[in-house]
Amino acid sequence: MKQIIDGYKEALAGYPQAEVGAGKRIGYLCSYVPQELLTVPGLEPYSMHAPQCAGTDLADTYMGRVTCSYMRCILEAFEEDRYEYLDGFVMTTGCDHMRRLHDNLAYLRKPDFLKLLDVPHKVSPAAIDWYTEELRRLADDLAEAFDLEITDALVRESIGKWNQARRLMVEIDRLRRADAPPLSGSEMIALSAGFGARPIEANLRDLERLLDEARRTTDCSRAKARARLLLVSSQLDDIRYVEALEAGGGLLVGEIGCTAASSFEGQVDEQAEPFRALARRYLERLPCPRMMEEHSRLLERIVEMRGERRADGVIIVALKFCDSWAWEGTLLLRELREAGVPVLRLEREYFFSGEGQVATRVQAFLESMGK
Amino acid sequence: MRLWAGCDVGSTTGKAVILDESKVLAGAIVESTLDPEKTARQALDRAAADMDIAPAGVEFVRLVGTGYGRLQIPFADENVSEITCHAVGAHHLDPKIRTVVDIGGQDLKAIALNDDGTVMEFAMNDKCAAGTGRFFESMARTFQLSLEQFSDLSLTSTKPVSITAQCSVFAESEVVSLVAQKKAPADIAAGAQLAVVRRVISMARRVGIRPDFTISGGCAKNRGLMQLLGQRLKMKVARLDFDPQLLGALGAALLARRKSA
Amino acid sequence: MIGAATRKDSVYLRWAARNWLRILRLGVNPGPARMLKIRKRYPWVSGFLKVNKLMARLMGERRGAYRQATGFIINRLIDALATIVRDIHRRRDRLVWHEDLVPPEILHAMGLMPFMVEMLGIVLPMVDTELGEAYLDEAENAGLPADTCTLPRMSLGLALRDHFPPPLAIVSSNSPCDGGMSSYAFMQKLSGAPTYRLDLPYRYKDDSAVDYYTNELVKMIDFLEEHTPGRLDDEHLREICTQRNRAMELELTLWDMLRHKPAPLGSDVVFLAHMLFFGLFPGMPQATKMYAGLVEYARQSLQAGGGIPDEKYRVLLWNPATLIFPEIFSWAESEFRATMIMEMLTFNRHPLIDTTSRRSMLRDLARIMMQGPMSQHTRGPVEYFFDDLFFIHEHYSTDMIWMAGHVGCKNTQALLGMMREKCRQKRIPLLTIDYDLGDSRVVSVDGIKEQVRMFMDTVMR
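Protein chains in written order, with the numbering used here: chain A, 3 to 373; chain B, 6 to 266; chain C, 112 to 572.
Pulled out of the complex, with its shape left as it was, chain A reads as follows:
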């Protein structure tokens, strides 16, 4: 099991390398991009991250210093040619910061294939129609740019694989309801965040094995965790950060966020027209705060998961300068506290620093819960 997890950590720790014989690799940002469309024959999706980011001087020149550090690290990595082995890029109108990353990229790098999906901010029949059209357009653009055939049948096949992957991920995650979860938070996040950086076939194979081993494990060490914690976060792929959260003896037993296992919840309807089915699933699943009307759903899921996982407290972590999470986090903080749930709220930057500071805060939180 450890070996598999290490494989995921490794994927997160590096940049895409040259691969012989692989299809065209399309880098994407944002969990609203249907990876299925990027997994048709001839294409492979690559979820973008920027490990080893030591500073964003060049990106700051263009994007300023009060913007999302994740976006700035990505821009910096672009300027360092770290994505030279990716053949195209798909982003969304997820947030102001991502849109401006797109704009700065188009200006500075002019990638051959760079698309911005217009994701509605609401979930409604009209919004689903809109997004269905956007996805069809993306498929057409991909087909044209890379000389491929993207038929409904091929998309359905791809959906099948991803549904399977999602089932596996959710199953593994559910095992953490137990008194002695078979994985820690940092291990689970390595899987959920690292998933997108590895080919789907490898993922399906490894998750299958891991699920099997996890079910059979006799490791009870985590039953003695000082406290069980639920993590609610924005984009988070930094394993060292999660390790710092768990360093004081608290154990993450569940995570909600776009790079967490929660983003694997919800299947795509394999019977329906595939583009519409994708649009529906991606809009209707657990929301990102950038959705305008979905706050109560997010709150409900947090409360529900807290119950399911018997978490003592909730930690909300967001990237500094994110407006969507600034507001969402503040409202959640208030409502969770009103409901008597102990909450710790943290801010982080994409590049890891201040390990001691994180650990101190979590420790103080545990102590405040009497743990």
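Worth flagging that the hints you see were computed from the coordinates, not collected in a lab. Watch out, some of these pointers could steer you wrong.
Claimed, not checked - Once the Cα atoms are required to be at most 27 Å apart in a straight line, the calculated DSS-like pairs of lysine-lysine come out as:
(1) B:Lys188 - A:Lys11
(2) A:Lys373 - C:Lys533
(3) C:Lys533 - A:Lys117
(4) A:Lys112 - C:Lys533
(5) B:Lys239 - A:Lys112
(6) A:Lys322 - A:Lys117
(7) C:Lys533 - A:Lys124
(8) B:Lys101 - C:Lys533
(9) C:Lys316 - A:Lys117
(10) B:Lys241 - C:Lys533
Use these hints to put chains B and C onto chain A, whose structure you have.
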């Protein structure tokens, strides 16, 4: 003998330059006092002393004040921003200069020049000590070395350690923890230099980096910094044939002379 | 707040008296007892008493028709705010909150009383910075990070202190930015009112996007008819749209006159007028009268040789004007003979509304909203931002661009690098002012002046 002078009163040092019709006669640097007027006088007196003229005997046709304390020099005929003065000084010394970055004691400025030496664009960071002389002082202090020894130490490094803290106050504690991790002092020193180099380049980019490129201010005397900068910039850093710390005062003196030649 | 900066001449005194009269009329309608209750319930009403000081700061050293126009526009602002205060209680059974990018034409046509949530966040920093900052602190105390934009932040502070009139319903949108959009979940929670949100697509100039947004408006009307006594009257909507068209034609006439060198007037007169028109009384006779008045002042001003007869510099302002320093241009006029000719929030290419049918009216209103202030540049492809910027610069023959670099506006902060390079390529001098829109404790008024002076003395030398 007709004389003109420029006084650059900064928060750390006060500088003065004296000119006659054709050349620079003297320049001086003193430590700033709390009183800008006093600092300016001290700098002028020191410069005059270098010329073997008794201070009392010196009279200027015109004197221009610049720098942080320029508004409090009552005997100046005019005060001009240090941006303009640095531009004028640099252009006079080398008309090919198009980008100047002044690494001051407490601030960092980048200036883009037009072909005629006027200022096209500028950017300043005077809100924090990152990338300024203050940062070096605190680094050298942490190492318990003089600034020159610190610079020499950094030159022996082959693998600078990355210092990620944006704020120089936090950088100090980061250095302390790097020392505790037994990283080579030379590599840490080089890392600190590198942190400043990145700040400098970042500031310069805001106004557009065009050759020829030069650095002014006391930190230009830091060989380790200059070497790293040249490497990172992939551009030659022009060396002005003048004390880089006196560039502002020179520009002020030139402006004084221009106005009343 | 800096003190009054104008001489108390007959122009000032006449307008000051008119302003006072308008405020005192509130003592008749809704009457003294009600006014005291309103004043107690909504402490920000006391900001009204400071309006003459704002007028003084804006009048500065202006003369002639420009000075008159300044008094006139402040008087229009007072009238608009006083009307709201008057109706806050009287029409509380029809009161609906709307976000600044959801203008109130339809709400008016439905017989509802629109209350713009962001209005206070805009007006308070101009007239009573300290009170505004108290609300900012309130929001921060509730846990809202200090890097969020001060405009929605101030709204949250007001809502937390229950200083907003209670709404029957709320309408907002995803414009102009993440911050504005995201604040409404909180506002909804605090008010308990049902909320409808309009969703603006990205490529909003495309026909498909206009269709989409028009349908959003149709659904908004259904929503309001369900949750409020409001009913959409097509005739009333037609009247409003016709009036709006009339006012807009006058506004376009005024803008044409601004192309003249020297300009007849500019800055706060121009942008306050548009703000009032777009956000508070579009389609009302007040708007038409206001622009008719301004066109007349502009004509007089041109005849007399221009607003600032020795106009030396013409400035294009980008990003919302510095609310904490609204007299920035009055100051710049005196100090540098620099007039602000046009700015980002005012300039638009709104269509004249086709009043043939409900659908055609809604469609054109949709297009107007989609190109609303800030939103037209912060949403959508980046070309929309730069194309307008350079078009306006050419069209109005401005000499430089002042970018009011509000630190809380992440959207535009992330474009500053590109902006610098493009201006550099076109050899357009660009001043970027670092400051915060609504919080003078981040960068003070003096700090702003220093930045402007440094630029004017160095680059425009």
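Taking the hints in turn, this is what the structure says about them:
1. Proximity of Lys188 (chain B) to Lys11 (chain A) is assessed by CA-CA distance (about 26 Å); at most 27 Å being required, the pair is judged to hold.
2. For the given pair, Lys373 (chain A) sits about 57 Å from Lys533 (chain C) by alpha-carbon distance, which is inconsistent with the 27 Å threshold.
3. The straight-line distance between the Cα atoms of Lys533 (chain C) and Lys117 (chain A) is roughly 23 Å, inside the 27 Å bound, and the hint therefore holds.
4. Between the alpha carbons of Lys112 (chain A) and Lys533 (chain C) the distance comes to roughly 16 Å, so the proposed pair stays at or under 27 Å and holds.
5. Taking the CA atoms of Lys239 (chain B) and Lys112 (chain A), the gap is near 23 Å; set against the 27 Å cutoff, the hint holds.
6. For the suggested pair Lys322 (chain A) and Lys117 (chain A), the alpha carbons sit about 26 Å apart, so the restraint of at most 27 Å is met.
7. Proximity of Lys533 (chain C) to Lys124 (chain A) is assessed by CA-CA distance (about 35 Å); at most 27 Å being required, the pair is judged violated.
8. Of the supplied pair hints, the one linking Lys101 (chain B) and Lys533 (chain C) holds, its CA atoms being roughly 24 Å apart against a limit of 27 Å.
9. Proposed proximity of Lys316 (chain C) and Lys117 (chain A) is supported: the alpha carbons are some 18 Å apart, at most 27 Å.
10. With a C-alpha separation of about 26 Å, the suggested pairing of Lys241 (chain B) with Lys533 (chain C) holds against the 27 Å cut-off.
Hint violations for this structure: numbers 2, 7, all remaining hints satisfied.
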